[in-house]
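Chemist: Spelled out, the chains give:
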Amino acid sequence: MPKIVFTEPGGGRREIDAPLGITLMEAARQHGVQGVVAQCGGACACSTCHVYIERSWLARLGPREEMEEAMLENAWEPHDNSRLSCQIHITADLDGLQVTVPARQREE
Amino acid sequence: MISTILIIGGGQAGAQAIDTLRREGFRGRLVLIGDEPELPYQRPPLSKKYLSGEMAADRLPFRHRAFYDEHRVELKLGRRAVRLNPAARQVELADGEQLTYDRLLLCLGAESRQLTCPGAALAGVHYLRGLADVAPIQAGFKPQARVVIIGGGYIGLETAATCRKMGCEVTVLEMADRVMNRVAAPSVSQYFAQEHRAHGITLICDTRVVCLEGQGRVENVVCADGTRHAADLVIVGVGAVATTELASAAGLACDNGIVVDEYCRTSDALIYAAGDCTNHPSPRFGRRVRLESVDNAFEQAKTASLNLLDRPVVHDRVPWFWSDQFDNKLLIVGLSQDCDRLVLRGDPASRSFSVCYLKGRELLAVEAVNHSKDYMAARKLIAERALFDVGKLADSELALKEAI
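Protein sequence lines, in the order shown, are assigned to chains A and B.
Just so it is clear: in the first sequence, position 105 is 105 by our numbering, and no numbers are missing.
Quick note, our numbering runs 1000 ahead of the 1-based positions in the second sequence.
In case anyone wonders, no lab produced these hints; they're calculated from the structure.
Incorrect hints may appear among the rest.
Stated by the list, open to error - Quick list of in silico lysine to aspartate or glutamate cross-link-like pairs, DMTMM-like style, CA-CA up to 20 Å:
no., chain 1, residue 1, chain 2, residue 2
1, B, LYS1373, A, GLU66
2, A, LYS3, A, GLU15
3, B, LYS1401, A, GLU77
4, B, LYS1401, A, GLU15
5, B, LYS1329, A, GLU73
To be verified - Below, a sample of chain B positions facing chain A; criterion: calculated Cβ distance under 10 Å:
no., residue
6, ASP1058
7, ARG1059
8, ALA1066
9, HIS1071
10, CYS1205
11, PHE1285
12, TRP1320
13, PHE1321
14, ARG1361
15, TYR1375
16, LYS1380
Every residue, glycine too, gets a C-beta built ideally from N, C-alpha and C.
In isolation and in its complexed conformation, chain B is listed as follows (with noise of 0.2 Å):
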């Protein structure tokens, strides 16, 4: 008998997880801790039209609090999960609150890679990940202000569209040949590099930061190659890591990401996890992945729950990521690792063109830049394996689904 179900962790994962345990018919005890303060929201707009000013706050929670109490949801938020004790099922918060379970679910995020070189703790040095980092942020927002932002990812150019959109003198460093680098295909970086550049944002690629320099608040940002970069504001956008110091300090085992099998059980059998503090494994792509994304705290979350009440569902889906920079949308389904061609399917100078990535006949994965069709389609084609005809699929007259 399953009485009480914690989840520790509000972001998409943790409210995805609350929506399917009471749907799915729980009616224990359900009780979510939060580190932060808000009802659980959702963080995309954070790096843009929240950023920007153009989405109020109260637009990002996903459901407002009537909703948590018809669900007879115990909300915790603003307190922090400190200790995990898996023998006694139990978790402690920071004020000492001891709260015991049936069942956990860990859905603790990721947090953004630190900047450890001499200078990264000085004022006007910020990072975005939660609602608290944005304000700071604007504040700094004044017309010219020169901004420099570090790490050419997606964080990073959203936030660089957005400041320029603001005003700001936009300066972005990367340290790979070219943006985006991990993500995306480089005809796909190279039309998002362009972009950016046509905006009047000052785009410096395989350029290594050394330090940062200021009289207690940031001036600049020193490269290997001694280039200074002068800035009012700072913003670091050099990846994130999976939070798992709760898990690890219990003896659960980590592996850049809290482990868990196909049915999102961590090594204790009693807890499970979901989203971007997991490391699953993937069985349409054959191996381990750790994701950052909507779509994986979403999924993941949901098939995490169905597990936790004994209902057995594996989770092996199809990723999918967007990012939205300037007026460009780009989709992302699929993981193009293990690709061994790439076909680029129409022109980049009309603005709509996707890359498909292949491995022999087999779609792996699509990138689609202003590109819907191809991108929907891709889903459902990619999911069941389809086999493609490599010449048929280059021409982007013809429909995805039609290269077959």
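So that you can see chain A by itself, here it is in the shape it has in the complex (with noise of 0.2 Å):
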């Protein structure tokens, strides 16, 4: 199983397993990675589990589709190696993947 390392707000380093076939959201959240809100559980309606993607892993990942990009426009802070993290599946060449969690998910 590709193991994902989560650094979240607090600074605190989560390593988990996650399986093939889920997406990086649902990996985060069963695990209760914190800040990984995904408040509409992968339906793209929300941007509550955005995330930063360590750049050397951008390009494995593809680019982002357009509904991901009009999310993220609006999503707190986001930078050009955001990515909603319900929008990115697990496959075996993710081991070792590097995601920070930003400090906050929306402005509120």
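Please dock the two separately framed chains into a single complex, following the hints provided.
Modeler: If you want it as structure tokens, here you go:
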């Protein structure tokens, strides 16, 4: 099972085993990774599973699609390495992926 | 000193409350009582990817069991709370177990409104609310199986789309003159009606079901004008009612839901409630509402949890909703009821447009069809009570935030 390394908002490090075939959001949520709120559960309707991907891994994830792009535009502090974790499917070549969770998911 | 918090209800709100309570530092005894046997799970896929079989059951739970162990949550699943005694601060379960609380959170949810016409109890008549409802519907998925869906709301239409994808012959019967009439603008209803018809669904509005016929098992759905629709499977989606029996029997104020204040507190100071079961004030929209949505369950549970821990927070959010039907995504934000003007942005024929609801120059709600941009921008602008230039708003070339 690929291992994914999350840096949580407080700076805590969480290493989790992510089963193939589910999304990065689902893997984070099952384990209760802090800050991956994922309110809509992967419907691309809320942007609360926003994460930053370690830049060296970006190419392996493929491009953001139009709907994800639109959601991220209004997410909290989007960067060029922002992704919605619900749109990333876990594959074998993501073993070791490094992900940072933003301090917040929305302005409130 | 709060040493024991009980949560009744293991849906979206109950699961979220656990998360917030532990993250906010509650170290005492935390008990979750849920009448379904499964770990708390997400309901939206039940009418969509879980119903179609695209999503496996192990992807439904919010958290693994290990999460609850790690956070010392006592799960009492498959157990029903049958009595609440606020004076003694006690909850009794169906098997007789008594639990005492310092604070109680009711996340009782809502239940499907039942059909009451003759024949409603025949075999082959289904509702879709919980995980246990899905397998009996799936068992009826055979090529060309005739599925009649009563009700053209979210559940009816999402289920219709899924049944169609599974190869069934689908008929949707709606009482009002258009589908989703309580939640969407006429242009949005029309768009979705066309989508369903284009996929081969028979959609009939302005029709009232008077009885179901069959020998032990449903065979026909009969409408007031005498039309008979042959059915192998009937799915009823005619709305939901708040689950309030436990609360009302205990003397808590209930009126279309458990009545709570802006802190999610019921008429008993030690008992809070969150989610579909609540009738709550919306400061932003200036009236009481009862909302059935993931967002509201989630946000109220968060607010209620903080208030349970004596950290006063007012629940004041702009609600949002979504629906997936075929490859269309409907995103709704705000509450449209007090509007005096509708503005269409974009052309429905382009398959991407939105409808803005205004009161004067103030934006109250947006319904966005395959248009995430307007929806996301509106979430912020509605909360800020932004005032719009109606002429600019109608120009879909301008971004929403530039129409101020």
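Chemist: It remains to establish, for every hint, whether it holds in the given structure.
Modeler: So, going through the hints one by one against the coordinates:
no., hint, result
1, B:LYS1373 <-> A:GLU66, "holds, 10 Å"
2, A:LYS3 <-> A:GLU15, "holds, 7 Å"
3, B:LYS1401 <-> A:GLU77, "holds, 18 Å"
4, B:LYS1401 <-> A:GLU15, "violated, 40 Å"
5, B:LYS1329 <-> A:GLU73, "holds, 18 Å"
6, ASP1058, "holds, 9 Å"
7, ARG1059, "holds, 6 Å"
8, ALA1066, "holds, 8 Å"
9, HIS1071, "holds, 8 Å"
10, CYS1205, "violated, 27 Å"
11, PHE1285, "violated, 17 Å"
12, TRP1320, "holds, 8 Å"
13, PHE1321, "holds, 9 Å"
14, ARG1361, "violated, 22 Å"
15, TYR1375, "holds, 8 Å"
16, LYS1380, "holds, 7 Å"
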